[in-house]
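Number of protein chains: 2
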Amino acid sequence: MQKTAILGIGQTAIGEHWDKSLREITGEAAFAAMQDAGVDRVDALFVGNMLSPLIDGQNQLGTFIADWAGLWQKEAVKVEAACGSGAAAFRAGLMAVASGEVESALVVGVEKMTDKAGHDVTAALATAADADYEVEQGVSFVGLNALVMQRYMHEYGWKHADFAPFSINAHANAMHNPFARLHEKITVEKFEKSAMVATPINLLDASPIGDGAAAAIIVSADKVASLNGRPRVVVAASASATDTIAVHSRKDPLFLQAAYESAKHCYEMAGVESKDIDVFELHDAFSIMSALSLEACGFAERGQGPRLGLENCITLKGPVPICTRGGLKARGHPVGATGMYQIVEVVQQLRGECGETQVDGAKIGMAQNIGGSGASILTHILKAE
Amino acid sequence: MQKTAILGIGQTAIGEHWDKSLREITGEAAFAAMQDAGVDRVDALFVGNMLSPLIDGQNQLGTFIADWAGLWQKEAVKVEAACGSGAAAFRAGLMAVASGEVESALVVGVEKMTDKAGHDVTAALATAADADYEVEQGVSFVGLNALVMQRYMHEYGWKHADFAPFSINAHANAMHNPFARLHEKITVEKFEKSAMVATPINLLDASPIGDGAAAAIIVSADKVASLNGRPRVVVAASASATDTIAVHSRKDPLFLQAAYESAKHCYEMAGVESKDIDVFELHDAFSIMSALSLEACGFAERGQGPRLGLENCITLKGPVPICTRGGLKARGHPVGATGMYQIVEVVQQLRGECGETQVDGAKIGMAQNIGGSGASILTHILKAE
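Residue numbers (the numbering used here), protein chains in the order written: chain A, -2 to 382; chain B, -2 to 382.
Among these hints, one or two may not hold up.
Dumping the calculated EDC-like pairs for lysine to aspartate or glutamate here, alpha-carbon to alpha-carbon at most 20 Å [to be verified]:
(1) A:K113 with B:E181
(2) B:K261 with A:D40
(3) A:K272 with A:D357
Over 10 Å on every C-beta distance to chain A, these chain B residues come out as not near it, computed from the model [said to hold, decoys possible]:
(4) A218
(5) S223
(6) R229
(7) K314
(8) G358
In case anyone wonders, no lab produced these hints; they're calculated from the structure. Note that the Cβ used here is the ideal one computed from N, Cα and C, for glycine as well.
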């Protein structure tokens, strides 16, 4: 694949933006990326979104946003892979540039989830699971993840508090991210006393929904130079893999096969190993997913993910810094936007723009975005040059 | 862009498939395409679909279908551009192959629309329009097209019966297509007496919804040879363009600017002119759209589209054969699948497999798929070699 680079990034704060429309929050991120890139036009727009038909009554979000952004007559399309929609749109944009069909692609992930009452959003999120084989039985999306976590704790002998470091690390890092939804330090005690959602997942195991949009502009790498000390951020690898959509159909529901496949493909493509990754923005929708991602991507042995948290390996100074800007847990999880927040945050790290949460000398960053309970997984490796 | 070719095609009959699930109808088309191509595996799956979150309660349709088709661990994603979703997925598949990221892409367009009562489908289809500026005012999707047709008749002096040939031609051709939803010859008298839907659009101006899926497999052109007299069908051009999503925001609501832009781009890319097109599968969701597409793509002067019907130019023996397998009007319009039905039908024509509706000596075919009221438009030119 032709080498591509990221020319600009933009994002909105994640929150309850009842005063702004779907158009407006997406535009904020898109215009910020264009300003950061120093361009006033792009050739094509790729929008990652999961819920706008259900929550906003709006389809063809590609054209909808192109219209708002003044990209009339330009190519525009929406890409959807449940909570993996953001990275799926990013990969579609990459392939458009790499194929030579377009010179520049603006990719925006967006979700507006808080304008409706909680009941609707829970039902909408359940469309990420298998409608025929899972949802029909009455299980919610968090319920599916709870079953996985319960089994994992049983199988490997972990107790609930062993997952606390994932949440504590994410909350600590979000304190310094002005775009994060939650700015609140937490402790093990608070983690253990938090309200139960679906046993054993409590409120502090789960990421909060939110309204937000994040964007990046992709161009051919030969069009970008490192300027004034700001490094050029290139896309060193991109991969997408899937698994059965229903969790019960998997050979092993405790292993993220699609994370393993897509990460392996990326390591080969980028010529790196897991130990070379300086920053890993993983998909911590629930604390159990942090453990499973770390294991599938080669950072921990099977069943040993929580150990990385307990041994302080995942903090900014550790060997595997994760959720450096707050992760899904504390930055927030506007589902179709999340994959693009991860890309934007890795770029911030590689540019050295993270202030208090900067990982020293970060040169290689990985982002992994998950749709469904491990069903659609996209991995990207970015490098600073 | 690297030259690509179509290795296999498949489709299901369009109808009310209450006895088959969303998985099953998609699988039928996908497996038929794989059998036609003589392959038992592909590298990636691109699904075009608009309504499954709303009608089937199912998101991440890429992974959902990959799972059913046994494509575990393979890349899979859904692409959505309202009724243009099928061709949008086709273009995404093209770019994936052309970028070198995958060697083969299976593209399936699918929609299952008849399992719910009519009211829900009308509301679901309205998500193709602008939720804030159009739907909020109470207008339905057919209502928007009715306003355009009313204005067109007023502006250019046509009467309703002048649009009859579009519908008559489509119905006549569908008689010979076993996959078509409607097998019923119609006359001008019947056309004029048909029940009104939204003045001036009556039942025979409008395409019927339905359940259906259509698929194609894309590979690099150098991997395909013309075999045993069956020509190689290559993708000579692909383009996507957009317009404002709300009809009232356009400079001229009676001109499909995005059809013009995408067709112009395709003509240049393929090195042809409109007169070189042997078959044109256009997006006749409503009879007015046939007229507007013919004008925007250079087959008729502004305001003169209906003349092509009245002068018998659009029939199988005419200079611009359209809707040769029944078009949206009589083959049926399972919205997210339609763009792929058009591609499949053009391939059938270029291979000379259309029997009674074969266009003699068809070598160059064009398909144009429209999302919304002209908002997302994708054009493809295929050639037999």
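For each hint, the structure was consulted:
{"no.": "1", "hint": "A:K113 with B:E181", "result": "violated, 46 Å"}
{"no.": "2", "hint": "B:K261 with A:D40", "result": "holds, 16 Å"}
{"no.": "3", "hint": "A:K272 with A:D357", "result": "holds, 15 Å"}
{"no.": "4", "hint": "A218", "result": "holds, 14 Å"}
{"no.": "5", "hint": "S223", "result": "holds, 25 Å"}
{"no.": "6", "hint": "R229", "result": "holds, 21 Å"}
{"no.": "7", "hint": "K314", "result": "holds, 35 Å"}
{"no.": "8", "hint": "G358", "result": "holds, 31 Å"}
Checked against the numbered hints above, the structure violates only hint 1.
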